[in-house]
Amino acid sequence: MSAVSVSRPRFETLEKGAEIGRREISVTRSDLVTYAGASGDFNPIHWNNDFAVSVELPGVIAHGMFTMGAAVQLVVDWAGDPAAVIDYQTRFTKPVPVADTTGTDAPGAVVEIVGTVGALDAEARTARIDLAVTCAGQRVLTKAQAVVKLP
Amino acid sequence: MAINPDLQGRVYPAAEAYDVGREKIREFARAVKAQHPAHFDLDAARALGHADLVAPPSFAIIVAQRADARLIEDPESGIDFSRVVHAEQRFIHHRPIVAGDRLVAELHVDQVRAMGGGAMITTRAEISGEDGGKVATTTSSILVRGEGQ
Numbered sequence: 001m002s003a004v005s006v007s008r009p010r011f012e013t014l015e016k017g018a019e020i021g022r023r024e025i026s027v028t029r030s031d032l033v034t035y036a037g038a039s040g041d042f043n044p045i046h047w048n049n050d051f052a053v054s055v056e057l058p059g060v061i062a063h064g065m066f067t068m069g070a071a072v073q074l075v076v077d078w079a080g081d082p083a084a085v086i087d088y089q090t091r092f093t094k095p096v097p098v099a100d101t102t103g104t105d106a107p108g109a110v111v112e113i114v115g116t117v118g119a120l121d122a123e124a125r126t127a128r129i130d131l132a133v134t135c136a137g138q139r140v141l142t143k144a145q146a147v148v149k150l151p
Numbered sequence: 001m002a003i004n005p006d007l008q009g010r011v012y013p014a015a016e017a018y019d020v021g022r023e024k025i026r027e028f029a030r031a032v033k034a035q036h037p038a039h040f041d042l043d044a045a046r047a048l049g050h051a052d053l054v055a056p057p058s059f060a061i062i063v064a065q066r067a068d069a070r071l072i073e074d075p076e077s078g079i080d081f082s083r084v085v086h087a088e089q090r091f092i093h094h095r096p097i098v099a100g101d102r103l104v105a106e107l108h109v110d111q112v113r114a115m116g117g118g119a120m121i122t123t124r125a126e127i128s129g130e131d132g133g134k135v136a137t138t139t140s141s142i143l144v145r146g147e148g149q
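Top line first, the protein sequences correspond to chains A and B.
The first sequence begins at 1 in my numbering and counts up by one.
The second sequence begins at 1 in my numbering and counts up by one.
Some clues are possibly wrong.
As the list claims (entries may be wrong) - Computed list of lysine-lysine pairs in DSS-like fashion (alpha-carbon distance at most 27 Å, straight line):
{"#": "1", "chain 1": "A", "residue 1": "K149", "chain 2": "B", "residue 2": "K134"}
{"#": "2", "chain 1": "A", "residue 1": "K16", "chain 2": "A", "residue 2": "K149"}
{"#": "3", "chain 1": "B", "residue 1": "K33", "chain 2": "A", "residue 2": "K143"}
{"#": "4", "chain 1": "A", "residue 1": "K16", "chain 2": "A", "residue 2": "K143"}
{"#": "5", "chain 1": "A", "residue 1": "K143", "chain 2": "B", "residue 2": "K134"}
{"#": "6", "chain 1": "B", "residue 1": "K33", "chain 2": "A", "residue 2": "K149"}
{"#": "7", "chain 1": "A", "residue 1": "K143", "chain 2": "A", "residue 2": "K94"}
Said to hold, decoys possible - From the structure, some residues in chain B lie toward chain A, with a derived Cβ separation under 7 Å:
{"#": "8", "residue": "H86"}
{"#": "9", "residue": "A87"}
{"#": "10", "residue": "H93"}
What the hints assert, rightly or not - What the simulated footprint calls covered on chain B by chain A, stretch by stretch (three residues with Cβ under 8 Å from a Cβ of chain A suffice, anywhere in the stretch; the number is not a length):
{"#": "11", "segment": "4 to 16"}
{"#": "12", "segment": "23 to 30"}
{"#": "13", "segment": "34 to 47"}
{"#": "14", "segment": "75 to 84"}
Simulated from the structure, these hints should not be mistaken for lab results.
Idealized CB from N, CA, C, for every residue including glycine.
Bound-form chain A, shown alone (with noise of 0.2 Å):
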C-alpha cells in the first residue's frame, strides 16, 4: 500500500470525448450491508427483501450512494488523488436490484462503468469527466459528471 501512482494525467494531454476507463464493479447483499453501516444508511429497502416488495419495489436495491461512491473510483484512480474531484454529481434514474447470491460467489449485481472526457476548462485546469453507468443495460445514473483539477 506504499506505492503511489505518480502518472497523473496532465491537462495538456486531454482531449474532449476521450475514454479515460472503464470498469465492472460486482455487488451483493453483503456489500449492501457494509455500505448501509459504513454510511449510516440502514434503510431496510437495502437489506431486507420482504421489506422492499411491501413498498412497492422489486426486491432488496443498492443504496444510490453506494452506486455513486463506487463508480467514482474509476476517476479518483485515474487523477491519483482523491482529493482532485472537487465537484461531483449524479441523479439516480434506475433502482439497481441485488439479487440474493448468498453462500455462492456469484455477483448479485453488475455494475459497468465507463468515463469519457466531457469537457475541459483550461483556465480553471479542470477536466469533466462523465460517467456512464449501466446495469443489464439500463443507465442507473444519469448526469454522472465528476469535476477533477489537474496539475
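Following the hints, position chain B against chain A.
Using the frame of chain A, we list chain B on its own:
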C-alpha cells in the same frame, strides 16, 4: 400524511460536530470499493500533500445524511423514511476532508415540490470545519413516494 409545504426555506442550524476518524475513512473507502492508497496509508496521503488520510469523494454523505435526518425525523415534516428514494446528489468540495477534521453541517431546505401523492424535497448541507471555514456543499433531492408511486 402529506408533506408539509411550509418546510421550504427552513434552516436547521449546525448541531453536534462529526469527528472524521482514520478508521472511518478506511471503512467507508472499502465500502465503496475504493483502492487508492491515500484512503488507507498515511505516508501515501502525505506524499500527495495531505495532512492525514483523505476521504473518498462521497464521504460527506455521512455528514449530509445526519443533517437530513433532522428534517426527516422532524414530526412536522410528514416524511415517511421508508418511502424515501434518493433522486439526485451533488458534492462540491471547497477543500479535501481529511482524518482529524471536526465537521458541522447547517441544513437548508431549498425546495419542496408536490409530485403526484408525494413530494420532491431538495436539501443543501453547508459543511464547515471547526475554524468556520467552508469544507463542502452537498445537495440532495429525495422523492417521497405517495401511495402507489
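Hints and how they fare:
1. The hinted pair formed by K149(A) and K134(B) meets the criterion: a straight-line CA distance of about 18 Å does not exceed 27 Å.
2. At most 27 Å may separate the alpha-carbon atoms for a hinted pair to count; K16(A) and K149(A) meet this at roughly 15 Å.
3. Annotation: proposed proximity of K33(B) to K143(A) holds, straight-line Cα distance about 21 Å (limit 27 Å).
4. The suggested pairing of K16(A) with K143(A) holds, with an alpha-carbon distance near 16 Å, which does not exceed 27 Å.
5. Only pairs whose Cα atoms come within 27 Å are accepted, and K143(A) paired with K134(B) is accepted, the gap being roughly 26 Å.
6. With a CA separation close to 22 Å, the supplied pair K33(B) and K149(A) stays within the 27 Å bound.
7. Simply put, K143(A) and K94(A) have alpha-carbon atoms about 13 Å apart, close enough for the 27 Å limit, and the pair holds.
8. Below 7 Å, beta-carbon pairs count as interface contacts, and H86(B) has one with chain A at about 4 Å; its hint therefore holds.
9. Among the interface hints, the one on A87(B) holds; its C-beta lies about 6 Å from the nearest C-beta in chain A, closer than the 7 Å criterion.
10. Proximity of H93(B) to chain A holds as hinted, the smallest CB-CB distance being about 5 Å (cut-off 7 Å).
11. Against chain A, the segment 4 to 16 of chain B contributes 0 residues with a C-beta closer than 8 Å to a partner C-beta. That does not satisfy the three-residue criterion, and the hint is violated.
12. Counting residues of the segment 23 to 30 of chain B whose beta carbon lies closer than 8 Å to any beta carbon of chain A gives 4, which reaches the threshold of three, so the coverage claim holds.
13. Residues of the segment 34 to 47 of chain B lying with their CB closer than 8 Å to a CB of chain A number 11, which satisfies the three-residue condition for coverage.
14. Only residues whose beta carbon comes within less than 8 Å of a beta carbon in chain A count, and the segment 75 to 84 of chain B has 4; three or more means the coverage holds.
The structure fails to meet hint 11 from the earlier list, while all remaining hints are met.
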